[in-house]
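Visitor: Next come the chains, spelled out residue by residue.
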Amino acid sequence: MLGVLLMVVPLVGAVAIALSPSRAAKGIALVATLAGLGIAILAAIDFSDWGTGGWGLEYNLPLLPAMGISLALGADSVSMLLMLLTTLLMPLAILGSWTAVSDRLREYYGWLLLLSTAMIGVFLARDLLVFYICFEFTLVPMYFLIAIYGSTNRAWASLKFFIYTFLGSLFALAGFLYVAWANAEHAGAWSFAIPDLVHFASTGLTTGEQGWILLALMAGFAVKIPLFPVHTWLPLAHTEAPTAGSVLLAGVLLKLGTYGLFRFVLPMVPAAVVEWAPFMGVLAIIGILYAALICWVQTDVKKLVAYSSVSHLGFCVLGLLALNPLGLQGSVLYMINHGLSTGALFFLIGMMYERYHTRDMGTIGGLGSKMPVWSFFMVFFVLASVGLPGLNGFVSEFLCLLGTFAAGGTGAYPGVLGPWFAAAAALGMVFAAMYLLLMVGKIVFGSLREPSGVHSDLPADLNAREILVLVPLAIGCVVLGVQPDFVMHAIEGSIADTLASYPTAVTDATEILVGRGGMP
Amino acid sequence: MTPILTFIPKLSMSAPAVPVSDAIISPNLSWAGLILLLPLVSLVLCGLCAAMRVKSKLPAVITAASLAGAFVTSVFLYLNYEPPGEVIPLLDWMNLTWGEGRFESFTANFSLYIDSLSLLWIMFVTGLGTLITIYASEYMEPDLGKGYSRFFAGVSVFLFAMAALVLSDNLLMLYLGWEGVGFASYWLIGYYFERPAAVAAAKKAFIVNRIGDLGLALAIYLIWTTFGTVQYDELSTIFAAGSMNPEFEGWTTSAIPFLLMLAAFGKSAQLPLYVWLPDAMEGPTPVSALIHAATMVTAGIYLIARTYQFFLLEPVSLHVIAWVGGLTALLAATIGMAQHDIKRIMAYSTVSQLGYMFLGLGVLTTYGAAYHVFTHAFFKALLFLTCGAIMHGFAGQLDLRKISGLRHMKGWRITAWTMLIGCLALAGFPLTSGFFSKDAILAEAFVTQGPGFEILGWMAIFTAGLTAYYTFRVWFRVCAGPASFEPGDEQHDDHGGAFHPHAPRFAINMVLVLLAVGSLVAAVPYFMSNQADDRLVGGWVADMVHDSPARGGIPGFSETHAVHAIADSHEAAAHAGEAAHPTLFGMDPHAAMYWISGTVGIVGLLLAAWLHLWRRSAADAIKAWLYSQFWIAWLPRAMERKWYVDEFYHAVIRAPLWILGHIFYVFDRFIIDGVCVDGIARIPRGVARWLQPLQAGAVQSLAVVMAGGAAIILLLMALFMQFGWFGGQV
Amino acid sequence: MDPILPYIATAVGAIGLLIVLSARTAPVRGVGGLIGLAGLAWLFVLAGSLPDGIQDAVEEGFFLVFALMAVASAVQMISQRRPVYAALFFVLVVLSVCGVLVMLEAFFMAFALVIVYAGAILITYMFVLMLAQQATDTEHIGEIPQYDRESRDPRAAVLVAAMFMATVVAAAFTGLGDLTPAGDAQARLQADAALLRSLPKQVERLAAKSNGFTLNTDLASSLRVEGDELVLAGTNADGGAATILLSSPGNTSHVGWSLVASFPASLELAGVILLMAMFGAVVLARRQVEHAEQELAEAIGAGRGGYGESQEVDE
Amino acid sequence: MSLLASEAFSQASLAHAILLSGALLSIGIAGFLSRRNLIVMFLCTELMFQAVIVAMVAFGRWYWDFSGQVFVIFILTVAAAEAALALALVVLLYRRRSTLDAEVWTELRE
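Going down the list, the sequences are from chains A, B, C and D. Residue numbers for the first sequence follow the numbering used here, beginning at 1 and rising by one. Residue numbers for the second sequence follow the numbering used here, beginning at 1 and rising by one. Residue numbers for the third sequence follow the numbering used here, beginning at 1 and rising by one. Residue numbers for the fourth sequence follow the numbering used here, beginning at 1 and rising by one.
Derived from the structure by calculation, the hints contain no laboratory data. Treat the hints with caution; some may be incorrect.
Cut-off 25 Å, straight-line C-alpha distance, at most; resulting in silico cross-link-like pairs (SDA-like, lysine to any residue) [to be verified]: (1) 370/A - 142/B; (2) 146/B - 461/A; (3) 303/A - 660/B; (4) 442/A - 194/B; (5) 303/A - 681/B; (6) 55/B - 464/A; (7) 209/C - 229/C; (8) 442/A - 653/B; (9) 442/A - 146/B; (10) 402/B - 606/B; (11) 442/A - 657/B.
Computed beta-carbon distance windows for the label pairs [to be verified]: (12) 724/B - 53/C: 25 to 31 Å; (13) 705/B - 31/C: 29 to 35 Å; (14) 64/A - 674/B: 41 to 47 Å; (15) 48/C - 724/B: 21 to 27 Å; (16) 208/A - 680/B: 25 to 31 Å; (17) 724/B - 66/A: 37 to 43 Å.
Heads up, the beta-carbon is just placed ideally off N, CA and C, and yes, glycines get one too.
With the hints as constraints, model all of the structure from the sequences given.
Guide: See below:
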């Protein structure tokens, strides 16, 4: 019952905002999202299947029994964690853009709440149609948020964002429908329940079919992640999006792609994944190094952090493709950690933008002396995303790389990547240090440079509200950095289930690709 | 020299050479966690002081107290320590098991591994930390209100990270300490963040260290994929089971030592990656003393000592270490000679001395390296602090040509004389601590057989001479000669009138004296009797190193097995009996080394005295002559320009990457985005424009289109009726 | 006969037509015309080789003459610069079509066509042509307006026309085979009998013409075909069974009978159509007064309702 | 008594008639699509009517079913109605722009 409640509360909030005067919009939005967070925590507490891979928050409302479509919701530990991340980021996003937006308030908060419903819908969906509809619906609010509240050429950015992602996900829809159809042929009755389709796809389909479905699903999810060649919409969308939009885009929307990989691609088409994993791995590595070098030469801070997201998510994908528990643990942790640290970075950039209305590192710098609290948080979160041990970035990055390294055919899950993949990706760690420290060196340290004649009614350094936004994220980073154990044990079960179909599929496939036991 | 002094009771324990593997898991020693906890507490408190903008010296007191506490704890830990060492679990960090197989679990927790090697390190780290914090409390006074607590927070973070590095029981926690120390040095080098040079130096330090960390990370992955564990005790059990283990073949076991070496060179500023250390002098002097002379830079040596068994698997790696160490020592010494900034000279001397330590590791005398680390920590910290005192007193003046005759000035006598002691030790003057520790290394260079170790030995001796020269060049320039000075550029409080240097007060003087005594006393452990094993020579430090995985490098053990292939386990080879001792000039190499390095040291000293004390003009004349001779002019210029290494790196690595970045960015924006994505977007519009004329509105064109369409359909139907589908008869 | 030949003939005809349409000078048009007609003739020859060949050379000859005359005048019609000549040529087309109809034994329709088409419709066209051709000022009299001199680019038009022709050719050469012909005279008589049976009043009128003959009620049995004659059984004045001979109806009566028998409703409808056309023409052609350009734009812009409410403006 | 009732109406002669009607139709279409004078265009439609009439009668004769010819009557009515209305419209168009050129009317464009 809680699952539906989680999705309904933001809707109710949106309706309330629509009915109330625009002054009250902010308050209602905050209340709604805090209520959402409360429910999420409540759900987490009484969720009994931490670590066992079981499913909680079950809810099933048959919508179209003939076609086997029903509003089926449910969450295992991974979906629960990602949903918690979403419900945590929502109130912070609203609090973060308290003074950022002044006109069309109701619309702004209305769209944010709808976005929250869609995101939670994606993570809780147990029915393919519900998943796809929510996956698509996330585009609409984000489009309006960027198109209306963005900065200079927002129209072009939002249009490209929407069409690019939408086109990609159409291919994914084709893939899903083919699986559903094949399942109906095989089983006689139509069913869109994810467990049935996953079970059927992994066993019933030939490798050729799986290959095509993999291509289709990857078209949809690769655009969302974003993976290397199809990432060009992200920097545009980020630089134009308002603060709350950027935070949610980086914090949660990018995770839809990787969650899609985790929930659909890996379990559904194991043989094809094994066959294509090296190729996708190479794409991820190119993404890491390519985006890192681009970050290094950026002058616009937000574009730099956007490209850094491309680079970081390359690690996450690499972890998934390692096809062993270490890699998957690393990538699921990465989804959460990246959400926290990059979300915070976007908040900080937003706060700087509100005060100086510029993001160009050339015209602004040396804020350390003028804004010490802001600088402390900036350095803290930069180090979290650089992957300083003791903070959350390191744990996930380390596990992803270790997983990729070990995926050379030694453990019980002989993967198809190997040491050379991990070594190339590890270079990304050095590049990450280079571009992030360069950015911190320019903005925080050095002599103070301020754009002339910029007035902002916000105090020079952070006020209580802004600190309140950043503190939970900082605590999250530290706790996940020092004590990742409780999360890792929590998701052990669902990772084992995802990899359930791999030892067998892998052994025969790897015969072709990798000599037994030897390093590639 | 028979061991003379046996006064420390603890050393009288005698225990068989028990393999280190079965360390006792003793949770009751969890109070040892204090060493880690105290710096953390002081970090938090200093953070609060920074938040509350505390104006007093409270942060310094907090940090000093916590470090002293840590030092006392480590001493206690040392006092009731049994040889095989204990594992003290503190806190869970990462342990994953997804199967029962060897490679299906990964555990890495916050737990301490107390054995003699880590105890040796932690004691001098915390000890020096405390002294330097006291020194810094006075040195940092000008920044009392502004960055004082931020500085001491940085020092606490550094100590926490160093402790974690040294005491960790698995490679991952070592990695945590490793990066933590790198971050702390970034924090402290960039302390004066208004100065762009400091910010650039901090960034450079962190990135070069990060390259080293990359090596360590890859090593850890390789170790886990090959051995299935990253815990020291489990690793040593694998090694104890002898080298005939399925995991040992394959390219991984030979790659691991080279990756570990890359990490050590990054952190301990050796040849390829030393460029960050001289720039790190931008940070405040206590930082240079603590981090870039005594503690952090020795982490590389600790890492290699701790993982020495991997190196023993691959003899080639040891030869590489020896040669890199030797070359770095020589290179740094040559650069050191040509510099004018005394802190930079000390920095290059540190690089050079570290080269010695690596040479020691390379020539299988981990004891020599460890002992040199021990002594070097004292006298190098002392030299840095004296330079700090001078800089503090003369308003930032560091150029040795601008200050001279310090010993005649009132209030500077302690600084001058302590500096002399430091210089003597650094130059390896006979009977000083530096002398004994350097000789232990130099002698072994001649004892151990390896490719070109002879040449390496003579090169090291020549470098020792250069070291003596440039050390006393500083001392004679600054302390001896007529008393004269020019104030530096940091005239922050010139209250009118001529600027008169303010001599260091009690805190700095007290620390300088203590350190001077320390560097003298550091010679004593060499003379202590060796308890661990009668064949041992090298006193207390040898005992400490003996009980650790670095045992392979103890003199008396070393010369046999390194040479043979690792066919039989190195335990057996050690007891097989002594091969013939190679002799040097007919004497035992150690004894011979006393005389040779002694004379070389004195020669260097006299040369420096002649050029920089009695006949300063002669020094300038020689320099002018060198510059005038075209065929030799390049040499001094290159030495002064630090052999153009920075420019080389910039040209070979930084510039190409920067250009590549721009190329990628342009490629990303125009090719992928512009051509592919927007290109595809333009296709529909293009097709629409092509079809547009059909809708031009003229009646007849519409009619033509309509009729044409109908005609085509009818015709196709008719033709298909007649000719059937594609020629097949209907 | 290679199946592709008719299409080549069509192509030749199309090229001819193209030359005629796009040529400037008369002789070239002539040559084009000849080529077109040659193509058509070739087609006719090819058609001749279809099953049952040509039954009656004379009849086919006449048919051929009328056909070629029709096509030639049609070509002239569309290529004539002056619209009036085009209309006149159309009259020629109608006449030759009537000739063809005569050859197809549709005599009534032939003459109906001449009367209605050539007579009425073409005259209306001539009238409107005369009305719309007034030269704006005196010195332009006789000059052909630009839109008549050059036709629109004929290539596309001829191509579409050729495609339609090809379709018809395809149908003609392949499709006709499986159409069932009307059958022989006997079948035709039976058809006439069936037709007469469906018109009882007509049969009574015929019967009444032969004196003293009364019809027995059941037409189905009494009206029969014997030999090649149509026979009606009944009783004559003196009560004996007698049969009278019905002549098979001529073309006109056939048309009339089938019109009344099978298309009564359509007949009424045709009338309504003509009525509506008359009303339309009257409403549309009401005397409209010149509008100034600006009022016109405003009228269109304001969109005030239909075309009808225009104000009277004095001359 | 049919005066010239020829016994058989062969498929070839039917083909001739059909070809004639096809020729007339295509010439009509060519004319309609190429001539720019509105009235001549409508004349071409009349020509197409002629083609249809020929085809109708030919098939009527082939089947010996007089509905073909009956239908010709209806074609005539339609042709007449069409002529009347079309010419009325042409007159209106002429009055509007005082020209019969079809190219003038391009307001239909979007």
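Visitor: Now tell me if each hint is right for this structure.
Guide: Tested hints:
{"no.": "1", "hint": "370/A - 142/B", "verdict": "holds (20 Å)"}
{"no.": "2", "hint": "146/B - 461/A", "verdict": "holds (17 Å)"}
{"no.": "3", "hint": "303/A - 660/B", "verdict": "holds (18 Å)"}
{"no.": "4", "hint": "442/A - 194/B", "verdict": "holds (11 Å)"}
{"no.": "5", "hint": "303/A - 681/B", "verdict": "holds (23 Å)"}
{"no.": "6", "hint": "55/B - 464/A", "verdict": "holds (24 Å)"}
{"no.": "7", "hint": "209/C - 229/C", "verdict": "holds (18 Å)"}
{"no.": "8", "hint": "442/A - 653/B", "verdict": "holds (21 Å)"}
{"no.": "9", "hint": "442/A - 146/B", "verdict": "holds (21 Å)"}
{"no.": "10", "hint": "402/B - 606/B", "verdict": "holds (22 Å)"}
{"no.": "11", "hint": "442/A - 657/B", "verdict": "holds (19 Å)"}
{"no.": "12", "hint": "724/B - 53/C: 25 to 31 Å", "verdict": "holds (27 Å)"}
{"no.": "13", "hint": "705/B - 31/C: 29 to 35 Å", "verdict": "holds (31 Å)"}
{"no.": "14", "hint": "64/A - 674/B: 41 to 47 Å", "verdict": "holds (44 Å)"}
{"no.": "15", "hint": "48/C - 724/B: 21 to 27 Å", "verdict": "holds (26 Å)"}
{"no.": "16", "hint": "208/A - 680/B: 25 to 31 Å", "verdict": "holds (27 Å)"}
{"no.": "17", "hint": "724/B - 66/A: 37 to 43 Å", "verdict": "holds (42 Å)"}
The earlier numbered hints are all upheld by this structure, with none contradicted.
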